[in-house]
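Participant: Residue-level listing of the chains:
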Amino acid sequence: MSESSSSSPRGVAAEPKLIFESGSRGRSALFWPAEGEDVAAAIPSALLRQDIAGFPELGELETLRHFTRLSQRNFAIESQFYPLGSCTMKYNPKINEVAARFPGFAQIHPLAPSDLLQGALALLFQLEGMLAEISGMEHVSLQPSAGAQGELTGLMLIRACLTERGDPRKKIIVPDTAHGTNPASSTLCGYDVVQISSNEHGVIDAAAVEKAMDDGVAAIMITNPNTLGLFETQIEAIAEIVHRRGGMVYLDGANLNALIGIAKPGHMGVDVLHMNLHKTFSTPHGGGGPGAGPVAVKSHLAEYLPVPRIVKADGRFALQEAGAKSIGRVRSFFGNFGVLVRAYTYILSLGGDGLEEASRMALLNANYLRKKLEKSYQLAFNEPCMHECIFTDRTQQRNGVSTLDIAKRLLDYGYHPPTIYFPLVVSGALMIEPTETETPETLDSFVEAMLAIAEEAKHDPDLVKSAPHSTPVKRLDEARAARKPVLRWEARAADDNS
Amino acid sequence: MEFPEGLKYSKEHEWVLVEGNTATIGITEYAQEELGDIVYVELPEVGEKVVKDDPFGAVESVKAVSDVYAPVSGAVLEINDILPDNPETINDDPYGDGWMIRVELSDKDDLSDLMDADEYAEYVRQQKENEDDEDEEEPEEEEDEDEEEDK
Amino acid sequence: MRYTPHTPADQERMLRAIGVDSIDGLYRHVPKTLRHRARVNLPQGLTEPGVRRRLASLAAQNAAAGDWSLFLGGGIYHHFIPSAVDAVISRSEFSTSYTPYQPEVSQGTLQALFEYQTLICQLTAMEVSNAAVYDGASAAAEAVLMSRRIQPTTRRRVLLSRALHPQYRAVVRSYLQNLDDVVLEEVPFDAGGATDTALLAERLDDRSMCVLVGYPNFFGVIEDLAPIRAACDRAGAQLISVTTEALALGLLKPPGEFGADIAVGEGQSLGVPMNLGGPAFGFFACRKKFVRNIPGRLVGETVDSDGRRGFVLTLATREQHIRREKATSNICTSQTLCALGATVFMSLMGRSGMRRLAEVNVARAHRAQARLVRGADLAEVFSGPFFNEFVVRAPNLQQLFAKCAAQKIIPGIALEPWYPELKDCVLVCVTEMNEAEEIDRFVRIIVE
Chain A
3 MSESSSSSPR GVAAEPKLIF ESGSRGRSAL FWPAEGEDVA AAIPSALLRQ
53 DIAGFPELGE LETLRHFTRL SQRNFAIESQ FYPLGSCTMK YNPKINEVAA
103 RFPGFAQIHP LAPSDLLQGA LALLFQLEGM LAEISGMEHV SLQPSAGAQG
153 ELTGLMLIRA CLTERGDPRK KIIVPDTAHG TNPASSTLCG YDVVQISSNE
203 HGVIDAAAVE KAMDDGVAAI MITNPNTLGL FETQIEAIAE IVHRRGGMVY
253 LDGANLNALI GIAKPGHMGV DVLHMNLHKT FSTPHGGGGP GAGPVAVKSH
303 LAEYLPVPRI VKADGRFALQ EAGAKSIGRV RSFFGNFGVL VRAYTYILSL
353 GGDGLEEASR MALLNANYLR KKLEKSYQLA FNEPCMHECI FTDRTQQRNG
403 VSTLDIAKRL LDYGYHPPTI YFPLVVSGAL MIEPTETETP ETLDSFVEAM
453 LAIAEEAKHD PDLVKSAPHS TPVKRLDEAR AARKPVLRWE ARAADDNS
Chain B
194 MEFPEGLKYS KEHEWVLVEG NTATIGITEY AQEELGDIVY VELPEVGEKV
244 VKDDPFGAVE SVKAVSDVYA PVSGAVLEIN DILPDNPETI NDDPYGDGWM
294 IRVELSDKDD LSDLMDADEY AEYVRQQKEN EDDEDEEEPE EEEDEDEEED
344 K
Chain C
6 MRYTPHTPAD QERMLRAIGV DSIDGLYRHV PKTLRHRARV NLPQGLTEPG
56 VRRRLASLAA QNAAAGDWSL FLGGGIYHHF IPSAVDAVIS RSEFSTSYTP
106 YQPEVSQGTL QALFEYQTLI CQLTAMEVSN AAVYDGASAA AEAVLMSRRI
156 QPTTRRRVLL SRALHPQYRA VVRSYLQNLD DVVLEEVPFD AGGATDTALL
206 AERLDDRSMC VLVGYPNFFG VIEDLAPIRA ACDRAGAQLI SVTTEALALG
256 LLKPPGEFGA DIAVGEGQSL GVPMNLGGPA FGFFACRKKF VRNIPGRLVG
306 ETVDSDGRRG FVLTLATREQ HIRREKATSN ICTSQTLCAL GATVFMSLMG
356 RSGMRRLAEV NVARAHRAQA RLVRGADLAE VFSGPFFNEF VVRAPNLQQL
406 FAKCAAQKII PGIALEPWYP ELKDCVLVCV TEMNEAEEID RFVRIIVE
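Sequence lines, in order, name chains A, B and C.
Following our numbering, the numbering of the first sequence begins with 3 at its first residue and continues without gaps.
Following our numbering, the numbering of the second sequence begins with 194 at its first residue and continues without gaps.
Following our numbering, the numbering of the third sequence begins with 6 at its first residue and continues without gaps.
Everything labelled a hint here was simulated from the structure, so no lab data went into it.
Hints should not be assumed to be uniformly reliable.
Stated by the list, open to error - Think about it this way: if two alpha-carbon atoms lie no more than 25 Å apart in a straight line, the pair counts; the simulated SDA-like pairs of lysine to any residue are: (1) 486(A) / 230(B); (2) 294(C) / 320(B); (3) 476(A) / 229(B); (4) 293(C) / 279(B).
As the list claims (entries may be wrong) - Here are a few chain B residues that sit away from chain C, every Cβ distance over 12 Å (derived from the structure): (5) 213; (6) 253; (7) 254; (8) 316.
Claimed, not checked - Listed below are several chain C residues computed to face chain B (Cβ distance under 8 Å; list not exhaustive): (9) 322; (10) 327; (11) 328.
None of these values were measured; they are calculated from a predicted model.
Each residue gets a CB set at the ideal place from its N, CA and C atoms; glycine is no exception.
Given these sequences and hints, build the entire structure.
Facilitator: What follows is the structure, given as structure tokens:
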């Protein structure tokens, strides 16, 4: 701990204490009089604890100040531009937050009788319909908590369907550009992964799929546009090949923000897909969730969807818990309902026209940035990009400056870096997705910063390589964190914690 | 870069020191350089059998995991017990203190597939040239550096 | 509503810079067959007041706590949430930030998660905690998958207590049905409402992988994990404790003190609104020696190049973005903001507050149970000790629910759909948010 170093900043920039290093013995922010409970009479002492050693003991202002100070050490969309490729860091509307906090949504219990939850069930039912329309699919389940869980659900649906046909099969085809969750989900579902390579244009050849496809392949997992921001132009042919041999097509819908009003997955031959509500549908990323990853399917997979299903009869909504062929549940209750309320509010706010316009502006912003940067940074692929564009560090590497260095230097300019080193097929990838909610002026400022860094890489590479300089902490020793993991605070022997 | 004489080398960048019927195995200087700071080492148990060309363990850096392949077949006699707490030893002294396992050779003929120091030095030179040429990175390891978008 | 700021002049300027004549030109390479039928057939967007009105009318059709008296538990609990919690998680620096892959500008989230991990370790008395997973049910499933990674391949029998939350058992089943080597078995509960330990001990053998027990269980009963731990030890099986009511750990002996190998559960009780069951978060804690097998994110402490303390995501080689098909899990986006809310909650409650709140739950639930069993003449079903939930049998459940609804009371959860043998039984939960007056009304209704 370097708290008392004389070169440490003071005041607002000072290194914060941990919550356990603050407070005082006996302090609490809870005001709640005792109610004469005779705990010993109710519960045997062998089942009781003595104390919660080390738990914080602070007042309310102290606690608030602690977390407020912490928040000031974060970048966030509302303070900084976040061009993270494939993350779709668009504006998180405030009206969504208001709606999600209505007591009629926040203070309701999932096991209350259905007739006392008609508003919630109506919202879920309508949201299913909206997502089906947007994606061109037929049935939706809102249960999965995130994209990865959506993937697992989708693969389980495929497996259940094929198993019922008497042919579960063993393999999933996954492109080399796929997000890591794709192969991880496949393994979780009991499949082996067969990787295929994209071609020199960054997309998958139908011929490559033809070669890899056989009667042992249950499905292909494809992202469209792919993680290079490129539209998989051969998708219809690919779907046809896979279907012909009895397999199915799973679409990773992470990049759906590029497609609304432009192309519907349901028309591409997709059997099942997931969508990321915390990307395309504006729900806040929260520093790592909560999100939601609903799945949408064509009719032949509907009977396998997780239970309960929401059904409408005579204007009333009910829950169908039984589904003989359902894969069961992938999580408790209805999923991340609070997130679903936000997405519903967003779709209602924008309407069909607004959603289409959002995708168009997303494409406009991405292509604008691409044009402005392509003279100073090497483009990974000279192909039409959609909502994101991808560069490499080849030019800057001539002076020993890497993508990592460029990313860290961008922090000094007040920007969150783009996605880096993903996908793996591009060396030193810098993937930029501005989203549609950014002004042209913001994009111009970002371009200025990127061009300045390109210049620095040429004339003052060490400045870039030692970045960041102006962040609350400098480059952190990740090797040390992995070698000697310290994953919690511990009281020192001398601390008064008894 | 060092290529100690008296050692044998595999295409997967392991080295072998043969003493009688015992083989000591580790990864080469080139391998540790490519990996970066090593943070964790996965080793087999004493008594386990290792099979030529199959992975017997793994070496982890912060952002990558690399399988380590057995250059020869045999039964594990000893494992280097300083590595669990001090994995960086492989970075500091890959041919000496950074040895990984010691096996009893089951088939001395396995050694004939390995390279000597000069051949390996040339092999490494080739690898470095190929890296300089290409745009694409070929992940033998599962590698990813910093960031990734979330699902 | 529109959040896109582009004026026609902006668009024109940008298109000129790009060198295309219209935005359509940007996606002409998308096959025509797809482009021509891509229209999204949804109604036009609304103004903000219009949106608010629509949402408000939907919200009004749900029975919300505060308006209705809820005596509902079963895995989601109505607890006090200090105003300060929402004040913190509403801060856009926390809510609109990304996963902390660039640690230099994410020290807020990273330090808060480090504090979260510590608090969970302290609460459960376990050595290591991750940075949260989706919910308690998927945490239970991930725990079984973790046990499968740790235990040898000869051990693939999983024993689930039937007194563990039915939805949790269902999720474990879903996750495991695609892995052919695992066998799931259920162990019945006894008259006390706890897992039948004698039967469990009989069923455990050298092919047993792990045992999952609710603590407290679905019926609210506090099971004694000591004999279960002993039985697991004799068989070499791992003990996984599953807690749906995390607040109970403020008072009860923590799973770590019983020697649990893995302790998981639902964190919703710790400062997260009910939200119709989500989002909340699943906590996941285990023994230190298993740390490289743990799923989900881990935050670790380190220093920067100036020697200053800082925090980073660590041991990432376990995770999907590096290990891909060999990852410990596929989890990526998790429930960070909810875990942050819990961190604020636990900090505000503190060492004494957690206990105080838990004690109030015990007091109110036990007084209510006594009044229902004696005064309202409902039958006590299980004799085991309970925290804040208990099961009673009523002569006519349908009538009871109807009478209660007329008074805006939901008396509990009918158990028959999950436990056919528990006909006319209802699981009643009483927390610090149920006033004495509500309980009075509740008792009166039944007596009348």
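Participant: If a hint holds in the structure, say so; if it does not, say that too.
Facilitator: Structure-based check of each hint:
1. In summary, the hint linking residue 486(A) to residue 230(B) is supported, as the alpha carbons are separated by about 13 Å, within the 25 Å threshold.
2. For the hint pairing residue 294(C) with residue 320(B), the CA-to-CA distance comes to about 38 Å; that exceeds 25 Å, so the pair is violated.
3. Simply put, residue 476(A) and residue 229(B) have alpha-carbon atoms about 20 Å apart, close enough for the 25 Å limit, and the pair holds.
4. Simply put, residue 293(C) and residue 279(B) have alpha-carbon atoms about 18 Å apart, close enough for the 25 Å limit, and the pair holds.
5. Its beta-carbon lying about 34 Å from the closest one in chain C, residue 213(B) satisfies the requirement of being farther than 12 Å from that chain.
6. The claim that residue 253(B) lies off the interface is violated: its Cβ sits roughly 5 Å from the closest Cβ of chain C, which falls inside the 12 Å cut-off.
7. The Cβ of residue 254(B) does not lie farther than 12 Å from every Cβ of chain C; its closest approach is about 8 Å, which violates its non-interface assignment.
8. Every C-beta of chain C lies more than 12 Å from that of residue 316(B), the closest at about 27 Å, which supports listing it as non-interface.
9. With its C-beta approaching chain B no nearer than about 5 Å, residue 322(C) sits inside the 8 Å limit, and its interface hint holds.
10. Hint on residue 327(C) holds. Least Cβ distance to chain B is approximately 5 Å, under the 8 Å limit.
11. For residue 328(C), the shortest C-beta to C-beta distance to chain B is roughly 6 Å, which falls under 8 Å, so the interface hint holds.
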